[in-house]
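Enquirer: Okay, so the sequence shown: first residue is 89 according to the working numbering, each after it adds one.
It is worth saying that the hints were derived from the structure and are not from the lab.
Possibly wrong hints are sitting among the right ones.
[To be verified] The calculated label-pair distances, taken between Cβ atoms and stated as ranges, are:
(1) L136 / R172: 43 to 53 Å
(2) F94 / D168: 10 to 20 Å
(3) Y193 / R172: 28 to 38 Å
(4) L136 / W185: 14 to 24 Å
(5) G181 / S124: 16 to 26 Å
(6) D176 / L131: 37 to 47 Å
(7) R153 / I132: 19 to 29 Å
(8) S144 / R177: 12 to 22 Å
(9) S124 / D227: 35 to 45 Å
(10) S184 / D227: 32 to 42 Å
(11) Q224 / R100: 17 to 27 Å
No experiment lies behind these values; they were computed from the predicted model shown.
A virtual CB, placed ideally from N, CA and C, is assigned to each residue, including glycine.
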Amino acid sequence: RVGHAFFKTRMREEGAAFGGEVSGHYYFRDFHCADSGTIPALLIVELLSAKERRMSELLAAYRERYFLSGEINSEVADQDGRMREIADRHSDGEVSWLDGVSVDYPDWHFNVRASNTEPLLRLNLESLVSPDDMAQRRDEVLELIRS
């Protein structure tokens, strides 16, 4: 689940020092498990100063290895039904229902979850193979979401 109330509770239950959402919310134990944009910004400025390198240089190795779809939203009437169909079609992967449906394969994985505020399914997909592999798998999952 997502949202600040869920994050704060779960962080306290797990004793987590940090939590984050794709939406750009970052939560810190030392900040009462509240989200802050200022803390990550200051940490990044500190890192850039210490490393004396540009952000693009620090991220280059990751961008060459991890190929991300970014969050893609699709309007869907029967969100739960569609997520069940996606899980059924990908039953050969490791399926988890922690936050929507997530499926893990050795060299790629994805998550499809319902928006809490809109009639949308949100897809995030990552491939370890190539940008083309990511695009192909993204399109396959989007076809299931939008069919």
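Enquirer: It remains to establish, for every hint, whether it holds in the given structure.
Expert: Here's how the hints hold up against the structure:
| no. | hint | result |
| --- | --- | --- |
| 1 | L136 / R172: 43 to 53 Å | 45 Å, holds |
| 2 | F94 / D168: 10 to 20 Å | 18 Å, holds |
| 3 | Y193 / R172: 28 to 38 Å | 19 Å, violated |
| 4 | L136 / W185: 14 to 24 Å | 39 Å, violated |
| 5 | G181 / S124: 16 to 26 Å | 35 Å, violated |
| 6 | D176 / L131: 37 to 47 Å | 41 Å, holds |
| 7 | R153 / I132: 19 to 29 Å | 20 Å, holds |
| 8 | S144 / R177: 12 to 22 Å | 37 Å, violated |
| 9 | S124 / D227: 35 to 45 Å | 36 Å, holds |
| 10 | S184 / D227: 32 to 42 Å | 23 Å, violated |
| 11 | Q224 / R100: 17 to 27 Å | 41 Å, violated |
Of the numbered hints listed earlier, those contradicted by the structure are 3, 4, 5, 8, 10, 11.
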